[in-house]
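Protein chains in written order, with my numbering: chain S, 1 to 510; chain L, 1 to 337; chain V, 1 to 230.
Hints are computed from structural coordinates only; laboratory data are not their basis. Computed from a predicted structure; not experimentally measured. Glycine included, every Cβ here is placed at the ideal spot set by N, Cα and C. You may find that some hints are simply not true.
[To be verified] Interface residues of chain S toward chain V, partial, derived using beta-carbon atoms under 8 Å:
no.	residue
1	Ala-274
2	Met-277
3	Gln-278
4	Val-351
5	Arg-415
6	Asn-421
7	Arg-435
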Amino acid sequence: MTLGVRIGVAVASVVAAALVVPLGAVAWRADGWDGLRPSDWGALRFTLGQAMVSAALSVLLAVPVARALARRRFAGRGAVILLLGAPFILPVIVAVLGLVAVFGRSGPVNTLLTAVGLEPVSIYGAHGVVLAHVFFNMPLATRLIVQGWQAIPGERLRLAASLGFTTRDTFRLLEWPMLRAVVPGVFLVIFLICTTSFAVALALGGGPNATTVELAIYEAFRFDFDLGRAAMLGALQLILGATAAVLSLRLALPSGFGAGQDRVVPRWDSQGWAVRMQDSVAIGLACAFLLLPVAIVLGDGIGHVTTLPAAVWWGALRSLVIAVAAALLTTSLALAMAIAATRPHGGWIEVAGTLSVAASPLVLGTGLFLLVLPVANPVVLALPVTLFVNVVLGLPFALRALIPAMRDLIRDYDRLSASLNLSGWAWLRLVGLPRLRRPLGFAAGLTAALAAGDLGVIALFASPDQATLPLVLYQLMGSYRMDEAKAAALLLIALSLGVFWLFERGSRDA
Amino acid sequence: MSSPHPVRPMERDMKTTLIPALILTASAASAEPLTIYAPDYFGSEWGPGPAIKTAFEAHCACEIEYVTGDLLPRLRLEGERTRADVMIGLNTDDAERARQTGLFADHGVDTRDLTMPIEWTDTTFVPFNWGQTAFMYDTARVETPPTSFAALLEAPDDLRIVIQDPRTSVSGLALALWMYAVFGEETEDAWAKLAPKITTVTRGWSESYGMFTEGEADMVLSYVTSEAYHIIAEEDLTKKAAIFDEGHYVMVETAAKLAGSDQPDLAQSFLDFVLTEAFQSIIPEGNWSMPAKLPADQLPEGFALLGKPEKAIIYPAPEAEALRETVVAAFEAGLAR
Amino acid sequence: MLELRALRVDLGAFHVSADLSLTTGGITAIMGASGSGKSTILSAIAGFVPPSAGQIRIDGADVTALAPGARPLSVLFQDNNLFPHLTVAQNVGLGLDPGLRLTPQHREARDVVLTRVGLDGMGDRLPRDLSGGQQSRVALARALLRRRPWLLLDEPFSALGPALRQDMLALLRETTRDEGLSVLMVTHDPGDARSIADSVCMLADGVLAPPAETQELFANPTEVLRSYLG
């Protein structure tokens, strides 16, 4: 294991450096330091505010859905859980298309509202940003909270039943304490994800009042070319992330989201029709909210898939290669880091791993560009750099899945392994990989999906014949070709969900 | 959607370059290719880039390699180290900043007899196409389009407009300059009047235009020539540009040669190629824009149907640069009210 | 010979000490109330808890600083003795080679031992398909295969019913005697100690007493044993 620990520490150091060095490169290259503008502080306030509201709403809405999923058994439950996870791995451009189709002014929601004589709602502005963030992150919250529910031991529910607990008693004495332990961690993870929001705020923000820090970084870079300001904003974002990550070490973070979802805890307190009704409504509404936008994009795109030009398919192939490579690399690195993080004094590794949630992809990409420039043609390295950034950005999720599972593994079997002199590669082959197969599969699937949908730094580096599918999708939109763009969006959804499903399923059936 | 694009050289390219592209290399060339930095839309399969590449390579026995992305930030990151020989697609409103990098050489191209509504005296940047900023509308949703900017401001607030952010997009910046040219000191008030009608401000043109065609907006900030796309490629006559009495802001896209190019002769011959008919005739349907030097009778038929603004507004590059902070501030303050 | 020289183990405010030696061969039981530190002292000998003072010597060699897997002993824990994802044969095979690269001779030896503990033909099963008693046999089989001179057991059969536990203890006694293994087992059950242990070390008030011959001890119980038996 000591070799594993050493590799893990080395990887964690590289990751930490990967977050700081590009930032330094950008700062070093800056021409002047004009400091932050008043509008930047406005952006910081807006970022924190919307992240707070988005995280709170995601968690609040996830609780009834998670409870319903945890205590109901019905046909297709597994499929519902898989599909409910879809928005989280959906490429932002595609999701925005879908959200606009549903909540836009000619979408079903507003048609319905107008039909019954109500004011139509607008999807743009601060509430549009929050809506989109809830759409993305509520599935994650649901998934994590379902696990909390399933962690309530069956014996306790049996005891509760034998004591004649009502639904309310069960909630007060068993479920509420669980929620109090789980929810702060879930909130924090989602809060962090929302602080780096960029594309959502761009498309739905509605104007200069809804500017996030990441958007301010984008402006500083691409329009003002104020590298000093960009670096400062990037550092600000990182500090925000570091604070949250250190806080998160103190909180009971939800254990790995790769753990099993398929167990239904038998319940004796929730058989009444009112409770059943409540659960059905919760699941039904969640499905409508989360699946309708995806379904509309799929429906719109289906007609043009067969006539898509070759460039789209090549783009899809390139995205697939990046996705699979990112998945394999991220899980290997995360495994090494998890080994080191669960050893004494490994806390900083977890912090470094979580921190990259808050890293600005734009600062990261530009910094790497500057670092690569003196030694090689950045265009040649476009795909590797894209891969690298995706690996760094995927690590926090992979670590979240792996570290708790690794802790359990060490708690249960470390003594046995040590007493049998089982270590190094033999340990990895005979114990580590088989025991961590599910969280590894989940982490690989998630990273692959996120990488497949990432527009990211490829736009900074690429030459046209290196375009990934999201970039091609963007190009189509930029050439008046909305129909083909929608077909490409369908392809992108299929790719993202497909790689996720394959990795996750594969790890279960293996 | 039918394909308006005549040439698809990418399909050939793909076969030969995909595998190396996946492994690391951009594109393999026998001799040193002419490296052209271009915006993403320009170099993509659906932009004018591939056809221009084919046309140029036909008579130069050389190879063009496009590198796409953000032109100016990239160039400034690279500085003297840049591998670019030519940069194409830079807008006049950004030209001054580009000039200040000191990385460009004079173009040496004869820019008299252009078919543009403005004088051209710039010796660094050669114009290759131009367009006038305009609000597109759907005749099914807007029956009586505003005929002036002032009328647009007075339109009822349930008119839904999408625009682009002047801080992130060239068309958005053009709008901000346009409004300043029309309203002067009252620009901030004008923004405040426009604000209730603005559904959303997007980062770039693509998102805005997508929302418009999806029916999310009644009007969208775009170009007079957008109409040509709908007429020619979709045979749709319901998408029109609203023509304003005050005139329309002109956006000119340019090409320029890098002083540090290691193939100055080839770069120069490309610049000379820009204003030739072979290049210019690709522009109308390749970039859905007005060629900088092509007689009106050589334009595709559909272009005759386009609205003709009476007046062309443009700030010369140095002036546009000087005004930039002012007009962006007016946008921010006007919308924040 | 297993020697604990002025050994002291601290776990927070709690500590256990021992200064004694156990002769090779036979079965020694460590007996004491729950929470008295029996498992702690066993963990120290096995190498999972570093002692704060003293030495552990086995057959004259100081093993205090050795890793658990390098010590001349095998351990059976209260639970988690088997990897649930590995088959019976693989779990046992780990005793021969931690990388599971088994030679034909290895495989033969493994099958002989499996037969010896009554698990003939069950090599391909997973632990979850076995009863509790059978799982204990797999762990015992592996310990026998490892051929380390000492076998440490931490109440390994406590989850089994009385009849099964007697069977297992009998099997343990028989197989370890045949293989010439010395056994040190932790138990809280005087019955177990009386039925198979040759000698008993009582643990009380943080001090592990030197071994006493079982028959003699129970015939003339010490103060400590009397209060333990109640």
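Structure-based check of all given hints:
no.: 1; hint: Ala-274; result: violated, 40 Å
no.: 2; hint: Met-277; result: violated, 39 Å
no.: 3; hint: Gln-278; result: violated, 37 Å
no.: 4; hint: Val-351; result: violated, 27 Å
no.: 5; hint: Arg-415; result: holds, 6 Å
no.: 6; hint: Asn-421; result: holds, 3 Å
no.: 7; hint: Arg-435; result: holds, 6 Å
This entry does not satisfy hints 1, 2, 3 and 4, going by the numbered hints stated previously.
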